[in-house]
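Sequence order for the protein chains is A and B. Everything in the first sequence is counted per my numbering, starting at 3 for the first residue and increasing by one. Everything in the second sequence is counted per my numbering, starting at -11 for the first residue and increasing by one.
To be clear, the hints were calculated from the coordinates, so they are not data collected in a lab. Since we're looking at a predicted model, the values are computed, not measured. Careful, some of the hints might be misleading.
What the hints assert, rightly or not - Far from chain B, by Cβ distances over 12 Å, these chain A residues were calculated:
no.: 1; residue: E13
no.: 2; residue: R29
no.: 3; residue: L41
no.: 4; residue: N99
Said to hold, decoys possible - Some, not all, of what chain B presents toward chain A, calculated at C-beta under 8 Å:
no.: 5; residue: L645
no.: 6; residue: A646
no.: 7; residue: F649
no.: 8; residue: L652
no.: 9; residue: V653
no.: 10; residue: L656
no.: 11; residue: L659
For every residue, glycine included, the Cβ atom is placed at its ideal position computed from N, Cα and C.
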Amino acid sequence: MRFGAAIDVAELAAGIVLAGAVLALWRKDLRALTSVLSLQGAALATVAAVLAVRDGDVGLGVVAGVVLVAKGLVIPYLLARVVRADPGSRETSPLVNVPASLFTAAVLVVVSYLVAGRLTALFPDPLTRLAPLGLATVLVGFFVLVTRRKAISQIVGLLLVDNGVALVAFLLTAGVPLLVELGASLDVLLVVVVLQVLATTMQARFGHVDLDQLRELHD
Amino acid sequence: MSTAAYFIGLGAASAAALLGAVLPARRRLLAAAVLSAAACLAALVGAGDVLVSGHAFSVHTAQVLPLTGVDLSLDPLGALFVAATAVVGLAVSCYSVGYGVHATPSRIATATLPAFLATLLLVPAAASVATFMVAWELMALTSLLALLTDHRRRRETRDAAQWYAAMTHIGAAAILLGLVLLAAHAGGQSFAAIAAHRRQLSLPLTSVVFVLTLFGFASKAGAVPLHVWLPRAHPEAPSPVSALMSGAMVNLGVYGILRVGEDLLGGGEMWWWLVVAALGVVSAVFGALHAAASTDTKRLLAYSTVDNVGLVLIGVGAAGALAAGGQQALAGLVLLAALFHLVNHALFKGCLFLGAGALQHAAGTRDLDRLGGLARKMPATAIFFGAGALSISALPGLNGFASEWLLFEGLLQGFASRSAVTVAALLAGVATLAITGGLTATAFVKALGVGFLGQPRSEGAGAAREVGPSMLIGMGFLAGGCVVLGIVPGVVLPVIDRATTAGLVAGASRAIRPGLGLALASVHSEIDPGLLVGGLLVALVVAWGAVRLAPRSAELRSPRRAAAWGCGRDLQTARMEITATSFAEPLQRVFADVLRPDHDLEVTHTAESRYFPEAITFHQRVDDAVERVVYRPVMAAVAWWGHLARRVPNGSVHRYLAFGFATLVLVLVVLA
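Just need the whole structure built from these sequences, with the hints factored in.
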């Protein structure tokens, strides 16, 4: 079958998306996180490209290009700028330590396979079977949001959620319209810009970007 | 004609609210008052036309409310309540001019009074669940705003507003639940559709609906144990507002019970109405007792409202029970008596609240212990307040007597009923009427005697002067109504009877024979208060003449000079006179188990000797036992729960995110 290899590539790329999410839990170095995001964006674009080739859908091809530019290049670049402003910044003390986080990630992957089983059963297809990977990415990204303290980690968590959503959308729907993906990508870009400004201001104002310290603003 | 007049009334009241909000300070009071008086007149004409002709009108417009539209319809039952509101509103509008002259009320205060009036006129005309709930909530909202007028100066006002808001909100939620349940099962939300489908409804469903709505309406009517907002809100509201609240808004609670129980659900089970009557008995006795023990004029009046609503509910409950037992004619009579009493209560309680406002205005206090001697300083107010007080004490020749006589007569007729439970309920009702009659008389002898007679007990009372003409006209109008309805009750009874027929669906008959007095159709029993009063007057004149003309002994005619030993009467000071607290003391002692007065006696001694007290202070509070026993524990539990819940959101962004995350995972796991 001529298309078999392409499907293998897509499976690999989807795996990389999830692996990127788990890596984000693992690495404490914030600079490494930006490279992880870059990698993930490229993998996402690959999945879209494979789908575009399989379906012969030009629009989806353009979407793949947009994803590659936005999620693979622009957003990681913006993040890297924030990280450079605070060199040597590390996620020193996450609310849940790394081994426990990795274990939780494993549980979340199992949960998403259980949940997505009913979705994939609707249309059994080699690519649809990959949907649980996207769902797991969403959950892991959310977990990053919950347990990591630095503002930059929060942005990363948000982007992981977004990438996971995008992956699920690619795999489960019959092609994401260009307009929708364009809108979503621009939204995320805007969020990143806003958060970048916020993080920079926090850095300048309070001398740190630790969200937990914001608790005093309560009441 | 009735439609146009009614809508002109609504429009004028809304315009009054608008003008009150936008006009400059000097003009707005008068403009709002004139427009709302015109609104009341128009609404009175509209409602009167419906009552006299017996023809209801209904209007539907899809424009105002999305999805459901607005249904308005005025049948004789609703028209009676509109008319009562309009009469009180007319007096209040007039009174508000003088009331606001010295300290011009704010824009919001000027605007909320007509707005409140408009909603009061609107509620009885609402003819669908959506319209009714919107009107009902508008009424709650505007009355709350009106109540809050003095919130800047008085902490008690804010307290009272919180109580009122909470009670009215709980009540509205219960009503909404009940009516929505009803509409869902009756296949339509307009009252006409519900009434047409009531035969298809199951009994458990209608019972649940009735109990839910009864809870809500009873909280608005101020029936014990849902009355707690009343003795707080009525004293704290400005007097025009308390007159409207007590004279008109409270009635609408009774209206709701009748509308849902009799009109929409068609009478239902006997036990429904026995519950209503039981509420009435408890409210009447409890309210009358507290009224007799209160020393604050407006608090006294508020508790007396609880008492009178109780009497009306006894009548409504007895009528419902009799109708459910098949005695339609008697049920009609009892309901007629109850509605007549409700109208009378609107008149005399409106008059009394306006009078209490005049006292507060003139003497600067509501505390009876600090008033006194006002009859000489404010003769007109004293006469009007006296007329109201005599009416509420049910003295012949005044309207309170007419309706209570009718209620007594109706309840006593029912003793021939076959149902033992009904007879027991009627017996309880008669006993309640008897005991509350005595207690009410005590309360108002106290209010009149201590407030208006004797010597002034404070500088404020000493410096009091008669209030302005507009306030007197407002009070006089209602007092005149009390006298007219007292002497010739026969003129309004046929009109109220029409509302009774509309309220009691199952074929009520004409309960009274036409005439100026009170003449029952079913049994031979009649009384003509006009003749009674005429006879009494003649007797008085004869007695007076006899005393004047009788030959006197020489000893009596010789001059008498005051003795050297004046028995203390030579120097009579205000401190020697009986106060409201001391007047109520014996009664308080008898009913100590219910009233539970808190005494606080504090004696400070002189430094030299413990045998010589320097000062003795005595405090007494009569708190509401229901509030203490029922509400305080509930409030404490809610506060504790609230404290507990405050620990959950601690300001940590991560904790909030974790809630979302946990919920997401949980939902996914449940779905899988």
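Going down the list of hints, with the structure as the test:
Distance check on E13 (chain A): its Cβ is at least 23 Å (rounded) from any Cβ of chain B, clearing the 12 Å threshold; non-interface status holds. Annotated as non-interface, R29 (chain A) keeps its C-beta farther than 12 Å from every C-beta of chain B; the closest such distance is 19 Å. With a minimum CB-CB distance of about 25 Å to chain B, L41 (chain A) clears the 12 Å threshold, and the non-interface call stands. Every C-beta of chain B lies more than 12 Å from that of N99 (chain A), the closest at about 15 Å, which supports listing it as non-interface.
Restraint check, L645 (chain B) versus chain A: the minimum CB separation of about 5 Å is within 8 Å; hint holds. For A646 (chain B), the interface hint holds, since its Cβ comes within 8 Å of a Cβ in chain A; the closest pair sits about 5 Å apart. Residue-level restraint check for F649 (chain B) holds (minimum Cβ-Cβ distance to chain A is 5 Å; threshold 8 Å). At its closest, the beta carbon of L652 (chain B) sits 7 Å from a beta carbon of chain A; the interface hint therefore holds under the 8 Å criterion.
With a cut of 8 Å, the hint placing V653 (chain B) at the interface with chain A holds, because the nearest CB-to-CB distance is about 6 Å. A hinted interface residue such as L656 (chain B) counts as satisfied when its beta carbon comes closer than 8 Å to some beta carbon of chain A; here the least separation is about 5 Å, so the hint holds. For L659 (chain B), the interface hint holds, since its Cβ comes within 8 Å of a Cβ in chain A; the closest pair sits about 6 Å apart.
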